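Starting from the given sequences, assemble the full structure and let the hints guide the process.
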Amino acid sequence: MTIKEVEELTGLSRSNVRFYEKERLIFPSRNEKNGYRDYSESDVENIKKIAYLRTLGISIEDIRNIIEEKESLHKVIQNQREILKKQLSDLDRAKILCEKMLRSNEMSYKEFQVEKYVNQLQEYWDDNKPVFRLDSVSFLYIWGSFITWVIIAALCLLVGLWSYDKLPPEIPVQWNHGVVSSLVDKKFIFAYPVACVILRYLIRPVMYAKLQMGNSFGEILTEYLTNYLSFAALSVEIFSILFLYGAVENIVVVLVMDTVVLLGLLAAGIVKMDLRKE
1 MTIKEVEELT
11 GLSRSNVRFY
21 EKERLIFPSR
31 NEKNGYRDYS
41 ESDVENIKKI
51 AYLRTLGISI
61 EDIRNIIEEK
71 ESLHKVIQNQ
81 REILKKQLSD
91 LDRAKILCEK
101 MLRSNEMSYK
111 EFQVEKYVNQ
121 LQEYWDDNKP
131 VFRLDSVSFL
141 YIWGSFITWV
151 IIAALCLLVG
161 LWSYDKLPPE
171 IPVQWNHGVV
181 SSLVDKKFIF
191 AYPVACVILR
201 YLIRPVMYAK
211 LQMGNSFGEI
221 LTEYLTNYLS
231 FAALSVEIFS
241 ILFLYGAVEN
251 IVVVLVMDTV
261 VLLGLLAAGI
271 VKMDLRKE
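Residues 1 to 278 (this note's numbering) are what the sequence shown spells out, left to right.
One thing to keep in mind: the hints can contain errors.
[To be verified] In silico EDC-like cross-links for lysine to aspartate or glutamate, where the CA-CA straight-line distance does not exceed 16 Å:
1) Lys4 / Glu23
2) Lys85 / Asp127
3) Lys49 / Asp62
4) Lys4 / Glu21
5) Lys100 / Asp126
6) Lys186 / Asp165
7) Lys4 / Asp38
8) Lys75 / Glu61
9) Lys49 / Glu32
10) Lys48 / Glu21
11) Lys49 / Glu61
12) Lys86 / Asp126
Calculated directly from the structure, the hints in this document are not laboratory data.
None of the values given here were measured: they were computed from a predicted structure.
Okay, here's the thing in structure tokens:
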């Protein structure tokens with residue numbers, strides 16, 4: 001059957017179905033005539049089971065382990081029950097504390113004293129470690145800091161100063177399949193730290209204006225992307241020097257690796273901030 005028919009039978013959107021396939025939880029066959037996915041009755045049943053388990057809060061990884069018979073369904077459900085019991089207990093305790101606080105009708109932040117509501121403070125902090133993990137400074141904030149930009153810009157400058165006397169009169173700025181396609185005077189090595197400054201003080205305000213529209217995290221995203229582009233400049237600078245000495249050949253690989261790692265961490269940071277909002 002087609003994915004449209006699967007949508008009708010399961011009540012789920014095709015994006016959900018595609019996601020389960022991407023996570024290798026279902027394996028529809030391909031129609032030999034047109035190359036389209038061909039879903040079976042078994043696939044439909046599996047999709048419904050997966051979606052149901054997800055509503056119980058069971059992770060994709062645990063569901064995959066169940067399907068691959070690395071874990072039993074009974075054991076995973078049992079573990080999830082304990083997790084939910086703990087969450088309910090935490091919510092009940094939070095509710096009781098809220099009610100206790102609301103009994104003080106004239107309560108203000110200035111007069112508020114935590115010890116009035118919590119007897120064992122350290123024990124209370126220990127019990128709420130998951131909250132503090134979400135509140136802790138994530139990589140997204142560290143990478144998006146001004147200090148990080150200063151370090152990257154300084155490294156660009158230091159690399160230029162260290163390498164300048166060792167460079168030939170002309171250095172490469174463009175490559176094509178490991179072959180230099182454009183050369184410039186070696187003074188260009190100092191264009192990379194200058195690029196970091198331009199990114200910070202000229203381009204960053206423009207990016208911020210764009211990202212600010214409807215985005216509560218516009219500022220930190222702008223900082224992150226500014227530092228990422230500065231880091232890319234540093235990578236290109238180092239690549240140029242290594243290329244001259246025959247240590248590396250393909251700049252695309254370097255930039256792709258930068259992008260994959262840093263955008264992956266950006267996604268993780270955004271998810272973390274979304275969890276913080278919930």
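*Could you work out which earlier hints the structure fails to respect and list their numbers in ascending sequence?*
Checked against the structure, the hints that fail are numbers 1, 5, 9, while the rest are satisfied.
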